[in-house]
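**Q** As a plain string of letters, each chain reads:
2 protein chains.
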Amino acid sequence: MNDYQESSSPVSDSSLFIKMVVSNWELQNTRVNGLLEKLTDEQLYANVAPGRNRGIYLLGHLTAVSDGMLPLFGLGDKLYPEMESDFLRNPDSTEKEYPSVEELRSRWNQVNARLSAHFESIEPSEWFQKHASISAEDFAKEPHRNKLNILINRTIHQSYHLGQLIFLK
Amino acid sequence: MNDYQESSSPVSDSSLFIKMVVSNWELQNTRVNGLLEKLTDEQLYANVAPGRNRGIYLLGHLTAVSDGMLPLFGLGDKLYPEMESDFLRNPDSTEKEYPSVEELRSRWNQVNARLSAHFESIEPSEWFQKHASISAEDFAKEPHRNKLNILINRTIHQSYHLGQLIFLK
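If you read the sequences in order, they're chains A and B.
So that you can map any letter, position 7 of the first sequence is 0 in our numbering, and since no number is skipped, the others follow by simple counting.
So that you can map any letter, position 37 of the second sequence is 30 in our numbering, and since no number is skipped, the others follow by simple counting.
If we strip away everything but chain A, and leave its shape as in the complex, we get:
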C-alpha cells in the first residue's frame, strides 16, 4: 500500500470507499423519495410509457429488491417475502391485485429505514465480507463479490428504474 502513502492525495482507506458507496446509495434514495413525494397515487397507477410497466409495479419492484438486501446482508428475513412473486418473478399485470400505492409507499419507507439504520451501525470490515448468496469457495476466488458490491449494484439498478419513473411527472 506504499503507493497510497507516497501520493499527494490523502491516504485512502476502506472507510473512504464505504462512504463513497453509501453516499451514492443515499443520493439515489433521496432522488426516488423526492419523486415519490411529487407523484400522486393516481399518477403511480399509470404506465411510465405506453405498454410499459406501471409506476405501482416499479415501486413494488424497487421495494422488493431493497427488501432482498436484508437476508443478503444477514439482517434476518425479508420484511415482505410475499412481494417476491408479484414484483420480482412476474411482470406487471392489471389482472393481479397488488397492495395499494399507499401501502407500497409505506413498505418502501420501512425497508429503507431498516437498511439505513444498518448502514449507520455496520462495522467497516463487514462490508467486505461475503453476502449470503455466494458460496465460500466462490468468494475465495472472487472477493469483490462482497456486500459493498451488492450495494453498488442495487444503486445502479435503482437509477435505471428512476429514469423510467421520472416519466410519470
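Watch out, some of these pointers could steer you wrong.
It does not matter which identical chain is used: a pair holds within one copy or between any two.
Claimed, not checked - BS3-like cross-link-like pairs, simulated, lysine-lysine; straight-line CA separation at most 25 angstroms:
hint: 1; residue 1: Lys140; residue 2: Lys12
hint: 2; residue 1: Lys89; residue 2: Lys134
hint: 3; residue 1: Lys89; residue 2: Lys123
hint: 4; residue 1: Lys140; residue 2: Lys31
hint: 5; residue 1: Lys123; residue 2: Lys71
hint: 6; residue 1: Lys123; residue 2: Lys12
hint: 7; residue 1: Lys71; residue 2: Lys31
hint: 8; residue 1: Lys12; residue 2: Lys89
hint: 9; residue 1: Lys12; residue 2: Lys31
hint: 10; residue 1: Lys134; residue 2: Lys123
hint: 11; residue 1: Lys31; residue 2: Lys123
hint: 12; residue 1: Lys140; residue 2: Lys89
hint: 13; residue 1: Lys71; residue 2: Lys134
hint: 14; residue 1: Lys162; residue 2: Lys31
hint: 15; residue 1: Lys162; residue 2: Lys71
hint: 16; residue 1: Lys12; residue 2: Lys162
hint: 17; residue 1: Lys123; residue 2: Lys162
hint: 18; residue 1: Lys140; residue 2: Lys71
Since the hints were made in silico from the structure, they are not lab data.
Predicted model, so just to flag it, every value in this text is computed and none were measured.
Based on these hints, arrange chain B on the given structure of chain A.
**A** Just chain B now, kept in the frame of chain A:
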C-alpha cells in the same frame, strides 16, 4: 486496519475496490452496447416515450458525459468539445442539426475505447486523487470526491438513461 486482518473475509484492499467499481462501469457499457447493437438508426431517431428525449439525443448526451471524464481524469481535452452545447447544456430539439446517429455511434465507441485503455493502465493510487473540478482545499476536506467516485457517479447516470433507451426496443 486491524479489523480487516482479523475478519474471516479476505483482506480488503484498494485494488479490490477499484475492481468493483470498474467492473460495474464495464457492465453498464456492455449493456448499453448490447442495446445499441439491437437498435436501428431509425429506432434511435424516435422519442423514447411520447414527449420525451429522442434516442439520438440520449446517445449524444451519454457520449458527451463520458467524454467529459477525459479532462476530469487528466487525460487531455475532450475529443468532442462541440457536443457540450447540444447534448449537455441544451435539451433535445428537432430544430437542431445533430451529428448523424452513425457518427454518434462512432464517437461513443471512440470515447469508451479511450477510457477503457486508461482504466487498464491507471495506477491504483491515481483513482484516489482529486479530479480536475474540485479544488485542493475542498478535496482535503472531502477526500471521497476522487476520480473513482466520479466513475461510480457516471455509472449510475448511464444506468438512468439506459432505463429510458430500453423503451426504443
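**Q** When the hints from earlier in the document are held up against this structure, which numbers fail?
**A** Going through the list in order, the structure violates hints 2, 3, 4, 7, 8, 9, 11, 12, 13, 15, 16 and 17 and respects the others.
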